[in-house]
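Please build the complex by placing chain H on the supplied structure of chain L, with the hints as guidance.
Heads up: the protein sequence lines correspond to chains L and H, in order.
According to this note's numbering, the first sequence is numbered sequentially starting from 1.
According to this note's numbering, the second sequence is numbered sequentially starting from 1.
Hints should not be assumed to be uniformly reliable.
Note that the list lumps identical chains together, so a pair holds whenever it fits in one copy or between two copies.
Heads up, simulated BS3-like pairs for lysine-lysine below, C-alpha to C-alpha not over 30 Å straight-line [what the hints assert, rightly or not]:
no., residue 1, residue 2
1, K317, K161
2, K317, K163
3, K345, K198
4, K108, K371
5, K131, K80
6, K161, K112
7, K161, K131
8, K317, K116
9, K345, K116
Hint data in this document are derived by calculation from the structure and do not stem from the laboratory.
Number of protein chains: 2
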Amino acid sequence: MRVCGDFQLPLHFNCSEKKFQMAKDEIPVRFGIMGCAEIARKVSRAIRLSPNSTLYAVASRSFEKAREFALQNNLPDDIKLYGDYTELLEDPFVDAVYLPLPTSLHLKWAVKSAQKRKHLLLEKPTALDVKELDEVLEACEANGVQFMDASMWYHHPRTEKMKDLLSNTELFGLVRSIHSSSSFCGTPQFLESNIRVKQDLDALGALGDTGWYCIGAILWAMDQKLPTTVTALPTVARNSAGVILSCSASLHWDDEQTVATFFCSFISHETMDLLVSGSNGTLWVEDFIIPYGENSAEFSFTTGARFLDLHVGWNVKPQEIRVDTPLPQESMMIQEFSGLVKGIKEQGSSPDGRWSCTSRVTQLVLDAVRKSIENFFEPVYM
Amino acid sequence: MRVCGDFQLPLHFNCSEKKFQMAKDEIPVRFGIMGCAEIARKVSRAIRLSPNSTLYAVASRSFEKAREFALQNNLPDDIKLYGDYTELLEDPFVDAVYLPLPTSLHLKWAVKSAQKRKHLLLEKPTALDVKELDEVLEACEANGVQFMDASMWYHHPRTEKMKDLLSNTELFGLVRSIHSSSSFCGTPQFLESNIRVKQDLDALGALGDTGWYCIGAILWAMDQKLPTTVTALPTVARNSAGVILSCSASLHWDDEQTVATFFCSFISHETMDLLVSGSNGTLWVEDFIIPYGENSAEFSFTTGARFLDLHVGWNVKPQEIRVDTPLPQESMMIQEFSGLVKGIKEQGSSPDGRWSCTSRVTQLVLDAVRKSIENFFEPVYM
Numbered sequence: 001m002r003v004c005g006d007f008q009l010p011l012h013f014n015c016s017e018k019k020f021q022m023a024k025d026e027i028p029v030r031f032g033i034m035g036c037a038e039i040a041r042k043v044s045r046a047i048r049l050s051p052n053s054t055l056y057a058v059a060s061r062s063f064e065k066a067r068e069f070a071l072q073n074n075l076p077d078d079i080k081l082y083g084d085y086t087e088l089l090e091d092p093f094v095d096a097v098y099l100p101l102p103t104s105l106h107l108k109w110a111v112k113s114a115q116k117r118k119h120l121l122l123e124k125p126t127a128l129d130v131k132e133l134d135e136v137l138e139a140c141e142a143n144g145v146q147f148m149d150a151s152m153w154y155h156h157p158r159t160e161k162m163k164d165l166l167s168n169t170e171l172f173g174l175v176r177s178i179h180s181s182s183s184f185c186g187t188p189q190f191l192e193s194n195i196r197v198k199q200d201l202d203a204l205g206a207l208g209d210t211g212w213y214c215i216g217a218i219l220w221a222m223d224q225k226l227p228t229t230v231t232a233l234p235t236v237a238r239n240s241a242g243v244i245l246s247c248s249a250s251l252h253w254d255d256e257q258t259v260a261t262f263f264c265s266f267i268s269h270e271t272m273d274l275l276v277s278g279s280n281g282t283l284w285v286e287d288f289i290i291p292y293g294e295n296s297a298e299f300s301f302t303t304g305a306r307f308l309d310l311h312v313g314w315n316v317k318p319q320e321i322r323v324d325t326p327l328p329q330e331s332m333m334i335q336e337f338s339g340l341v342k343g344i345k346e347q348g349s350s351p352d353g354r355w356s357c358t359s360r361v362t363q364l365v366l367d368a369v370r371k372s373i374e375n376f377f378e379p380v381y382m
Numbered sequence: 001m002r003v004c005g006d007f008q009l010p011l012h013f014n015c016s017e018k019k020f021q022m023a024k025d026e027i028p029v030r031f032g033i034m035g036c037a038e039i040a041r042k043v044s045r046a047i048r049l050s051p052n053s054t055l056y057a058v059a060s061r062s063f064e065k066a067r068e069f070a071l072q073n074n075l076p077d078d079i080k081l082y083g084d085y086t087e088l089l090e091d092p093f094v095d096a097v098y099l100p101l102p103t104s105l106h107l108k109w110a111v112k113s114a115q116k117r118k119h120l121l122l123e124k125p126t127a128l129d130v131k132e133l134d135e136v137l138e139a140c141e142a143n144g145v146q147f148m149d150a151s152m153w154y155h156h157p158r159t160e161k162m163k164d165l166l167s168n169t170e171l172f173g174l175v176r177s178i179h180s181s182s183s184f185c186g187t188p189q190f191l192e193s194n195i196r197v198k199q200d201l202d203a204l205g206a207l208g209d210t211g212w213y214c215i216g217a218i219l220w221a222m223d224q225k226l227p228t229t230v231t232a233l234p235t236v237a238r239n240s241a242g243v244i245l246s247c248s249a250s251l252h253w254d255d256e257q258t259v260a261t262f263f264c265s266f267i268s269h270e271t272m273d274l275l276v277s278g279s280n281g282t283l284w285v286e287d288f289i290i291p292y293g294e295n296s297a298e299f300s301f302t303t304g305a306r307f308l309d310l311h312v313g314w315n316v317k318p319q320e321i322r323v324d325t326p327l328p329q330e331s332m333m334i335q336e337f338s339g340l341v342k343g344i345k346e347q348g349s350s351p352d353g354r355w356s357c358t359s360r361v362t363q364l365v366l367d368a369v370r371k372s373i374e375n376f377f378e379p380v381y382m
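Chain L with its partners taken away, still in its complex shape:
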């Protein structure tokens, strides 16, 4: 039985709701967390809130660190703690691994996880390049395990609602332009010592971190259609080790009248913007990656906008659309992932390839941006 303990979850989703759902769903997917990154705190809570999953084990490089993580997050006493990643993978009761290690360690541990037939929820950026990612995906395929990267925003009901509107020919029409921005202003301490600014740990820097979301959002709006041309724009900030702190790029599709641009940064105020303009409508969202609040999220949409007579105003203003969510988006992600895992385990389904594809096109574009930066902002043809 799951016990949430007396930890005060700082949200409005309570445990009783989950217990109720758990009664109908008796064999939860047992997660092992591999690496006690800051983000693992959020995901451990998401696993505990998701009705079809349970947090079974935590592994760190030392037993002490794993125990500290368990204490810090009020994990139940019966949680398995490992001071070695391999031990976690040897545990036959672990169904799935959530892997938030630094990017440079993804290849090794993701492949090992797959080989041990652990379903794989991999933190983004998925790999240092698509070659590495392909090794991971091949290992998952060879071992029949589900793959998903841990981009949470895809799983918020708002995202589906937005997609419905963008897919509506009458209300939205053809995509004409997309702009996305994802940034935060790192503290001096972050910029000095965080894993994400270290060449040997997360060499992709802001492009791999916040840029992953921008690229993902653009591809999401384009139904994962790979652009024909990717061009980095010539304003790039790097730290002394050469890690990207800020960059931007444009994406183009030869057979579409669509242009997409994005800006990602560790040295700019918090933004999570997505603006998608079509021939008949416009969609705006200012918090697409992490909603302002957990219970619901909003976006704005207009269609058929035109000027009043004399051009002294508009016939419509953007409509604000609120979408409630039954669980925080990260729990929605866990729930979806675990549903796929249960399908494989209990009904003999095949892994769902959709999430591998989504990650792969994102990684391909990310690689192209990096290549364009290295080639002095020359276009990269995909």
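Then chain H, alone, in the frame of chain L:
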């Protein structure tokens, strides 16, 4: 004395207010409108609503057209009507000319206006290129007349309020990224026959029309600082005559960590977006060119945004800021222009060069975008 007649102005700014102001301001600037373009309807109303100006004359290529314009817009009976632009310029009572002719006619008639010592309010785009604009500006300077382009949004009190915030080091910090979008979806009739899609009349197409605003907004956010590099992005739509219907570009400043992008189009849903991100704050406005309504306008701003613990929400949401305006923004423009003209006429002031500079940097960047498009999207170094 000004008479507004019984024309029902479709707004909440009433004539009595103006008459009251007129009593204190006895010598209004007398405007002649040169060319009965659609936009002249809006500006004629703006002149009539502005407390320090009067609509004195209208000229068209034929007397009939001028009369039709006067009737259509319920202009007072004593308005002077001319069937020839030269006649308007010969009228010694005309203080200032508003010139909304097709862009290819700007050079000729703007220079003639200046030579006749008429102060010049010139519709945008100001010229086909900066060489032409320089001829216009030189003629204005040589004849001591005020120059201003008719970009109305600079004159809304909202714009000043936004600039105050962007200039606040603590709340906003350094500009990191700017994105602007200005578009509308032209009807088949517009795309077939409007002046703005004709090679011989408005060869700059969407770049000159909606792009003028995007470039202007970016430069406004950058305090009119010319970028070092301008690069058109490789998604351009043209009509069969080669006129640009849609394009986009990026701007860069060598000594700033700033990137700016814009999208302008005649084939995309109505947008007028401006997003400016700084190191400490973010500003959004969705109707920067023409506010949704005439009496007030809004924008959003956040500062000091960060995530809550566990990254499950934000500490702040964007604050919506409403700014009321005493007059529609186009009347604010007329009022400012007329104030400068009165200063020159009545107090011997020199023309204010600020507006020439604003137009000139905009035109320079516009030329660079066009050049980059012609050079297969190679960067243009300014």
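Hints and how they fare:
no.	hint	in the structure
1	K317 <-> K161	both (19 Å within a copy, 21 Å between copies)
2	K317 <-> K163	both (20 Å within a copy, 24 Å between copies)
3	K345 <-> K198	neither (38 Å within a copy, 64 Å between copies)
4	K108 <-> K371	within (24 Å within a copy, 49 Å between copies)
5	K131 <-> K80	neither (34 Å within a copy, 75 Å between copies)
6	K161 <-> K112	neither (37 Å within a copy, 57 Å between copies)
7	K161 <-> K131	neither (34 Å within a copy, 50 Å between copies)
8	K317 <-> K116	neither (54 Å within a copy, 44 Å between copies)
9	K345 <-> K116	within (15 Å within a copy, 87 Å between copies)
Hints 3, 5, 6, 7, 8 from the list above are not met by this structure, while the remaining hints are.
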